[in-house]
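Going line by line, the protein sequences match chains A and B. Counting from 1, one number per residue, gives the positions in the first sequence under the numbering used here. Counting from 1, one number per residue, gives the positions in the second sequence under the numbering used here.
Some hints could be false.
[Said to hold, decoys possible] A few chain B residues facing chain A, derived, Cβ under 10 Å:
| # | residue |
| --- | --- |
| 1 | 29 |
| 2 | 30 |
| 3 | 31 |
| 4 | 34 |
| 5 | 38 |
| 6 | 130 |
| 7 | 133 |
| 8 | 144 |
| 9 | 346 |
| 10 | 355 |
| 11 | 359 |
| 12 | 444 |
| 13 | 479 |
| 14 | 502 |
Calculated directly from the structure, the hints in this document are not laboratory data. A quick note: this is a predicted structure, and the numbers were derived from the prediction, not measured. Here a beta-carbon is modelled for each residue, glycine too, at the ideal position from N, C-alpha and C.
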Amino acid sequence: MSGDDIEETLTRRTQNAPPELLSRTFFFACAALSIATTIGLVVLLTGEAAKFFTFSAPLVGVEGETASVVAFLTGTTWNVTSGEFGVLALVSSTLMVMIGSSLIALPLGLGTAIYLSEYASPRLRAILKPGLEILAGIPTVVYGFFAIIYITPALQSIIPDLGTFNLLAACIVVGIMIIPMVASISEDAMSAVPEELRQAGYGMGATKLEVSTGVVVPAALSGIFSSFILALSRAIGETMAVTIAAGSQAKFLNPFNPGSYTEGAQPMTAAMVELVGGDITGGGLAYRSVFAIGFALFVITLVMNIVSDLVAQRYREEY
Amino acid sequence: MATRTDSTFDGFGRVSRTAGTIFRYLLLAATLFGLVVMTILLVYVANDAFQPLTADTGWHATFLATLLVPTLAVAAYLYRESAAALRSGAYTVGLIVVSALFSGGVGMLFVDIVAPVEWFAVVVALVAPTAAVLAVVSRDHRLSFTAQFATAVVAFYVSLFGVPGPLGTVAGLPAVVPSVLDGILYAPYALDSWLIVTLTVGGPVAFLGGRFVAGDRGERVRNLVAGGVLAGVVVAAFLGPTVGVEPMPAAVVAAVGIAPPVVYAAGVAANREQERPGVLLPVVAVAGTAAGVVLTDAFGFAGPNSWVTWAFLTNPHSRFAEQAGFYPAIGGSILLMVAVAVLAFPVGVGAAVYLEEYAPNNRFKRLVDVNISNLAGVPSVVYGLLGLGIFVTYLGQAPGTILVGGATLGLLILPIVIISAREAIRSVPDDLRDASYGMGATRWQTVKNVVLPRSFSGILTGTILALGRAIGETAPLIMIGAPNVKFAIPTGFGEAASAMPLQVYAWSSLYAGEEFYQKVVPAGVVVLVAVLLAMNSIAIVLRNKYQSQD
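This is chain A alone, in the form it adopts within the complex (with noise of 0.2 Å):
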C-alpha cells in the first residue's frame, strides 16, 4: 500500500460502508423476526378466535355458526359434535394438572435448588446438574407413554377404582418434568444472594439450617417466586404427556376434590391436539374453537411470564 493512500484508509468512515450496512441490516433483520413472531401470534390468534364468537364474528366478517361468549366462558360441557363449548370443562382439567404436578414439582424443585446452591459439593453439583438438563431433555411424548404404561399400572395396585386414563398420573409425570425448570432458576436466584449475609447468619450463631432458610431463602423469594410461576405456566401448556395420560373425555372435575384425580378428562392442550388431529375440515366451528382455546392458553401464559418477571424485577433485593 503506497504512502498517500493510508491516510485516506485510516481517516475514512466505515459505518456506512456496503460490508457494515449489510451485516448490520441483517442482524437487525433477524432481532426484528422476534417481534414479527409475536405480532403473527397475536394477530392470527386474534383473528381466528374473533371468528368464533357471535359478537366479534361481524366484525371480521364472518357468516355462519359462532359461538357465545358467555356460553363459551361459563359452560362446563365441551361437546364439539352437539354444538356445546364451555372452555370451563377443559379448563378444571388444566387447572388440576397445575394444582397437581405443582404439588410435586415446587417443594422438590425449591429443596433441589437449596441443595445445589448451599449443601452439594462442586464436585457433586458437577453430576447433579447434567441430570436434571437431561430429565429436562426427554421428550414430553415419553413421560406422556410412561405415565400411561409403568405408572399408571404401578398407582392401580394402590388405588383400584383407578381408571386407565387418569389425571393423577398425568399430575406426576408433568411434575417431575418441571422440577428442573423450578431447581434452576431458583438456585441461580440462590447463588446471587452475597455470601456475606450467609457470614452474617453464622456469626450471629446460626446453623447451616437456619442460613439456608432464614436468610438465604427470604433473600432468594423474588426468584424463587417467579420460578414457581415460570413452572406453572409450563405446566398449563403441557401437551403430549397429557394427552397421553389424561385420555380424551371432556368433562368438569372439582379441581379441589382429590377423589377427581382419579378420573380422565382433558385438559385444553389435549383438546386442541384431539380436534386437529382429528378429521375437522378447515374453516369450520370446531377448527374456529381450536384457536379460540389456543388464545385463551396464549393470554393465560403470557400473563403468568409477564407476572413472574415482574414479581423477579419489583420484589428483587437489591445488594
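Fit chain B to the known structure of chain A by using the hints.
Relative to chain A, chain B alone:
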C-alpha cells in the same frame, strides 16, 4: 463454624445437629427424586425394548467376562492413576457410540434420501465459486467491496444456473454454457458413489483429523494423517463387499463412524502425555465387544430377543407389531433437524449479535428483550397453531411438510437459541473487542474475527440443546398436520413426513394395544431417547470443555 460444634459453653449456644442432618438428607432426597424415578422408568423401558433376560446365561457370562469385567478393571485402574486419562478414555467410548449413531444417519441420507450424485453436484456447485471468489480476493486485497460482491454474485450465478440461466430464459435466449450443477448431474460419466462419499465426507473428516492429531508438528505430519484417514476410507470401500456391505455405506461408516474415534484416540495419544493411558479404555471395550460376539457365535449362545433390531430400524410402520419399524420416522426427523438448523441457527445468532453488539440501549432493545423472554414461555402447541395458521392456511403450503415443520419448530426454538447465543457472546471479554477496535477494525470485522470465533463453542452448545428440544417436540407437528404414519421415507423438504416422537405418539394412541405397548413403543422410545441423550451429552461435554478453557 457453628455447624461443626455441638455446644460451645455449657448452657450457651447448645445446637442440635439432628435437625440440620435431617434437613440435609431431605434436600438430597428431593434432588435425587426426579433423577431416580426417571432412571427407574428408563431401566423399565430399556428392559422392555431389549429384553435382556431372554438371552442365554452363557451369553451374559461371555459378555461379563470379555466386556464388562475388563472395561471396569481398566476404568478403576485409570481412576486411580489419572482422572484426566479416564475422562479422555470415557470421551472416546462416548465418541464411538455417537459416531455410530451419526454414521447410521448419514448412511441413511445417502442411501435413501439424497442421491450421491445430486449431493456431489450441489457441493461442487457451491464450493467451486467460493474457491474462485477467494482466489480473486486474495490476489488483489484492495478490491473494493462492491467489486468483490459482484464477483461473488456472478460466480455463484454461473455455477448454479449457467449462462445465461433463468435471466436468459426470460429473455428467450438459448442456454450457452450449462451450470456446474447441471454439468455434473447430466454428465455422461458420473463418479462412483463411494468415491463421492470419500471426497465430500471423508475429505473434511481427514482435514480436521490431520489438524487435531498433528497439533503443532507441522504440515508434513498433518498431510500424512489426513492421507492416512482418506486411505482408510478407500480401503473400507473396497473391503466392504467382502463382508456383504456395498462400497458406499462402507465408506460412510469408515468416514463418519470409525475415523472420528480413531483420530481422537490417536490425537490424545500423540499430544497429551498424561492422558495417554486413557486410550486403553476404548481399546479394551471394542476388543471385548468383538471377542464377546465371536465367542457367543462360536458357542451358539442365543442373544436377547430384543425389539430394537436392524429390521425395526429399517422397516416402515405396519399394523402388526412384529413387523412395524421406525425407518420413515427416523428419516423425517433427520430432515426436520437439518431444516430447523438451517433456519434457526443463522437467525438466532444474528439476533443475538444485534442485541449484544449493535443495539443501542433504547426502547426497541428493551422491547425485543421482553419479547424474547415471553416467546420462550409460549407453549409449543400454540407455536403449532402459528404454523398451521400462517404457513398452511395463509401461505398455502401443503400441511405437514418438512419445510413447514422445520419453520414452525425453528420459530419455537428461536428464543432458546437467541438466549444461549447472547450468553455466549456476553462471555467474550471486552478487552478483546477493545483491542480489535484499537487496531482500527470496524464493528463487522470485530464481530467476524473476534466475537463469533470466541463464542462459537458456546453458541454451538446452545444450538445443539435447542435442536434436541426441537427433535423431541410432537405437539407442533400434530397441529400443522404432519401425518401420523408414513410408509415411505421422505426424499425432499416439500414432502409430508412423520418424525420419531410423532410415530411414538401414533403407536401409543392410535395403535394402542398390548402388542404395541410391549414391543414397538418401548423400542421407539429407546431410539428417540438414545438420540436425544447423545445430543445432550455432546452439548454438555462441549460446554465443560470451553468453560474450563476460559
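Each hint, compared with the structure:
no.	hint	result
1	29	holds, 8 Å
2	30	holds, 3 Å
3	31	holds, 4 Å
4	34	holds, 5 Å
5	38	holds, 6 Å
6	130	violated, 17 Å
7	133	violated, 14 Å
8	144	holds, 9 Å
9	346	holds, 8 Å
10	355	holds, 6 Å
11	359	holds, 7 Å
12	444	holds, 4 Å
13	479	holds, 5 Å
14	502	holds, 8 Å
The structure shown violates the earlier hints numbered 6 and 7.
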